[in-house]
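2 protein chains.
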Amino acid sequence: MIEARHIEALKSLLGEKGLLTEAADLTAYETGARYDRGKAAFVARPSSTKEVSAAVAYCVGNDIALVPQSGNTGLVSGSTPDDSGRQGVLSLDRLTGICELDRVNRTVKVGAGLRLSDLNGKLQESGLFFPIDLGADPLLGGMIATNTGGSRFLRYGDVRRNTLGLTVVLADEAGTVLDLSSSLRKNNTGVDWKQLFIGTSGAFGVITECVLNLEPAPRQTATALLVPSSGEQVPTLLVAMEEALGSYLSAFEGMSGNAIRAALDHVPSLRNPFQGGIVPEFVILAEISRSNPPRDGEQPLDGVLEEVLAALWEREDAPLADALVGPPHEIWSLRHALSEGVKHMGRLIAFDLSFRRGDIMRFLAHMRAEMPESFPGITICDFGHIGDGGVHFNLVVDKNDLRLADAGFEMALREWVFAVGVEEFGGSFSAEHAIGRKNQAFYDKYTPAEIRLLASGLKAITSPGALGAMTF
Amino acid sequence: MIEARHIEALKSLLGEKGLLTEAADLTAYETGARYDRGKAAFVARPSSTKEVSAAVAYCVGNDIALVPQSGNTGLVSGSTPDDSGRQGVLSLDRLTGICELDRVNRTVKVGAGLRLSDLNGKLQESGLFFPIDLGADPLLGGMIATNTGGSRFLRYGDVRRNTLGLTVVLADEAGTVLDLSSSLRKNNTGVDWKQLFIGTSGAFGVITECVLNLEPAPRQTATALLVPSSGEQVPTLLVAMEEALGSYLSAFEGMSGNAIRAALDHVPSLRNPFQGGIVPEFVILAEISRSNPPRDGEQPLDGVLEEVLAALWEREDAPLADALVGPPHEIWSLRHALSEGVKHMGRLIAFDLSFRRGDIMRFLAHMRAEMPESFPGITICDFGHIGDGGVHFNLVVDKNDLRLADAGFEMALREWVFAVGVEEFGGSFSAEHAIGRKNQAFYDKYTPAEIRLLASGLKAITSPGALGAMTF
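Sequence order for the protein chains is A and B. Just so you know, we're using UniProt numbering here: the first sequence kicks off at 1 and counts up by one. Just so you know, we're using UniProt numbering here: the second sequence kicks off at 1 and counts up by one.
Calculated from the structure, these hints are not laboratory results. Honestly, I wouldn't trust all of these hints.
Stated by the list, open to error - Using 25 Å as the maximum straight-line C-alpha spacing, the simulated SDA-like pairs for lysine to any residue come out as follows: (1) B:LYS459 x A:GLY457; (2) B:LYS445 x A:VAL104; (3) A:LYS459 x B:TRP193; (4) B:LYS459 x A:THR471; (5) B:LYS109 x A:GLU306; (6) A:LYS459 x B:ALA466; (7) A:LYS50 x B:GLU423; (8) B:LYS459 x A:LYS122; (9) B:LYS445 x B:PHE375; (10) A:LYS445 x A:ALA350; (11) A:LYS122 x A:ARG103; (12) B:LYS459 x A:LEU453; (13) A:LYS459 x B:ALA460; (14) A:LYS459 x B:GLU423; (15) B:LYS445 x A:ASP192; (16) B:LYS445 x A:SER182; (17) B:LYS343 x B:LEU453; (18) B:LYS109 x A:GLU232; (19) A:LYS459 x B:LEU453; (20) A:LYS50 x B:LYS109; (21) A:LYS459 x B:GLY457.
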């Protein structure tokens, strides 16, 4: 599809290793983490900011569209090419050169191609960690471009909160390099430009390096499974735990009985922790942690948690039906198995929603009541982050369901869920997965005209070239 | 200066109370918190977003420049008119209508004209608070427009981190209202537009309402004054305290002996807490706190702090020369008196700098060594926020010093401090006071051309009308 002279030119800019064109080499870069599959004109793999700049400038000058791709673990088709075969993939996977820890500043400067687990591995001896906890193991550039959240948002916030500086290449004719690579924690000297590149899927520029905030790693952790006496009592539990535990509380996750059952079925080695093996309809995973080593005379965290739960038991409004304090590893194993478990139940149609914290359980109750009539034969297997309002609203359809052959079915289902979640409940159609081709139609629908106008204006002044999987 | 018909038109839009033109009424709005004094064409005081929109649209349509003004407590001439008499002040002080607490979500939606102390007063019974702790008591709109930091940044972050949503009026011909008033904690559905209005002094739009994150209010606090055995040992103390105390640590402030002596001289009721009344050359204020009520069996915070300090005493590298655990009220009284004390020593030339945390003490040592030769007769009275890298680098000149009559003196001094602080040490010329006329020259000097170009492009697509005290 693409002219040979362009391939030659890019090869001379990036070297042999820096440009892939063989079909076998492209496959991994063309295939998204969930269902989507595109066709790449080539994969460019620059190994430095300078090479990114050269490649981007060449492509802009020659009208070649680029889709930046990081770890390719995203779920919204934000990092894969479409099926036209005309888009090149710009992979960050060789941008791994730098890793400069500043222990006193509690920051690290790294290349955008470093993997999250590799970063935390390198940090292990320092007692610090990058506090974004995810099911996937992405590269850092993509984590920033999608502003990932995860399970400990309640305590540590999102990637946005933990990003101090960026180096970005703009898709203009010069491949302009923006040096926003501050290591300062307080700095108010104009527009905080890095914010525009966080959570916008690479459409306004390619992130090549970043300076990240680090936090003292937890050294003590206690976890419990809480069974609320009803969905309506979940906010009561959350508020009570925050009041009693303050900054100790590091996770407050919700898990539907359907999701738990799917995990137990799919991973037989998981222990079923519930009395008589009967999985409740909704379960909270609560985690508390602290970063200091245990001190003499200090009450162990398990004891703190048990004491707080005992006080919840005694409340007259009885928000708690059951509670089990257990080893963190075991309890998180269950939580981490939910996603795989749900995937194996059938065809997954997944939503990444968020609400005001008081609205999540109301939304879920509404959907459990309405779904059987509106879309019969669909199983709701939600789980998510009650503490920050996020919910992975997973719908599972039997693989043999004939409706799956109808292209309009999934879209109708999505429209209906968003009509309730976004329009009625004031929620977000993308809580923590950001936006890509999969959300484009809903971005267009739910973004007011004046905001869309601003976004296209911003695109024109930053990266007028074709960059990214979606259109602002 | 301004035509009478414009005054009449604005009056008809805003009502009698909504427009001030009498010289006596204007004075307070023309006078900044520190030295600066301008001349206003009028003061517009809209009482709703709709009125802000109408007034802004009228002014843009008639080429009338507006300077948004909030509590007018800022220190960079960002909210007062210049001395041309042609700029109107757009005051937020009547935008106090709304205050909607969402207890479960831990958020509050408020008008931009609400005062910080009033907000926290309204929240008292909820057990929550807006965790930005400042010397001044500004209105919320201005806090957002300047992204204030303060003394507990280390624990709670800045205003940016605690702002969930905004309502903004653009200075375009329509006075476009941007509804960015989300109460969601996780929401990744495109550009996070609110970020552009945070810390940019109202140049890109007028903030009229906001949705803020609230935190559980601290219920237990312990404080200590730490005397480091040398300036070089301060980072060691900081890292050790973070390792031992984790999320308990809520302030780690630095105070120079000069600033402490100024406070003790100026406020005779302050108790001098130091042995023999001898003020050390540098002192750290450390605060730890937690938001749960004391529990039986839990070690009191004073005891936790004493234990951690005892461990510091035993270290072989001896970072600590002295330490005094004392009542929080008393210890903070000293910290809060520093600013007033320093002001009374003479003419204050103040800098709001920040550095990587490991560089602050190196910068201060450098300045203490070099100042006597480069600018003799100047007293360095710094204090600030070691925990986040911020330092109020205050220079005091005797009021009768003849150099003060020379307009070039202060500028030469500023240029020299920034040449060292910004160019040599990689610091920020505005850590937490944001930018205004006072910083304009340094914004122009230290902002790379490609960023200035982006800023002017952004200005053109958001608020092309003349808005704000500075020029992007």
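Going down the list of hints, with the structure as the test:
1. Restraint check: the Cα-Cα separation between B:LYS459 and A:GLY457 comes to about 11 Å, which is no more than 25 Å; the hinted pair holds.
2. This hinted pair does not check out: B:LYS445 and A:VAL104 have alpha carbons roughly 29 Å apart, beyond 25 Å.
3. Between A:LYS459 and B:TRP193 the alpha-carbon distance is near 13 Å, which keeps this suggested pair within the 25 Å criterion.
4. Our distance criterion of 25 Å between C-alpha atoms is met by B:LYS459 and A:THR471, whose separation comes to about 22 Å.
5. Proximity of B:LYS109 to A:GLU306 is assessed by CA-CA distance (about 35 Å); at most 25 Å being required, the pair is judged violated.
6. For a cut-off of 25 Å, the pair hint linking A:LYS459 to B:ALA466 stands: about 23 Å separates their Cα positions.
7. The suggested pairing of A:LYS50 with B:GLU423 holds, with an alpha-carbon distance near 24 Å, which does not exceed 25 Å.
8. Distance check on the hinted pair: B:LYS459 and A:LYS122 sit about 42 Å apart at the alpha-carbon level, beyond 25 Å; violated.
9. Only pairs whose Cα atoms come within 25 Å are accepted, and B:LYS445 paired with B:PHE375 is accepted, the gap being roughly 22 Å.
10. Of the supplied pair hints, the one linking A:LYS445 and A:ALA350 holds, its CA atoms being roughly 19 Å apart against a limit of 25 Å.
11. For the given pair, A:LYS122 sits about 13 Å from A:ARG103 by alpha-carbon distance, which is consistent with the 25 Å threshold.
12. Between the alpha carbons of B:LYS459 and A:LEU453 the distance comes to roughly 14 Å, so the proposed pair stays at or under 25 Å and holds.
13. Simply put, A:LYS459 and B:ALA460 have alpha-carbon atoms about 13 Å apart, close enough for the 25 Å limit, and the pair holds.
14. Proposed proximity of A:LYS459 and B:GLU423 is contradicted: the alpha carbons are some 32 Å apart, above 25 Å.
15. Simply put, B:LYS445 and A:ASP192 have alpha-carbon atoms about 17 Å apart, close enough for the 25 Å limit, and the pair holds.
16. Between B:LYS445 and A:SER182, the direct Cα distance comes to roughly 17 Å. Compliance with the 25 Å bound is thereby established for this hinted pair.
17. Restraint check for B:LYS343 and B:LEU453: the C-alpha separation of about 38 Å exceeds 25 Å, so the hint is violated.
18. Using a Cα cut-off of 25 Å, the hinted pair B:LYS109 and A:GLU232 holds, with the two alpha carbons roughly 24 Å apart.
19. For a cut-off of 25 Å, the pair hint linking A:LYS459 to B:LEU453 stands: about 14 Å separates their Cα positions.
20. About 45 Å separates the Cα atoms of A:LYS50 and B:LYS109, which puts this hinted pair outside 25 Å; it is violated.
21. Taken as a hint, the A:LYS459 and B:GLY457 pair is honoured in the structure, with Cα atoms around 11 Å apart against an allowance of 25 Å.
Comparing the model with each earlier hint shows violations of hints 2, 5, 8, 14, 17 and 20; every other hint is respected.
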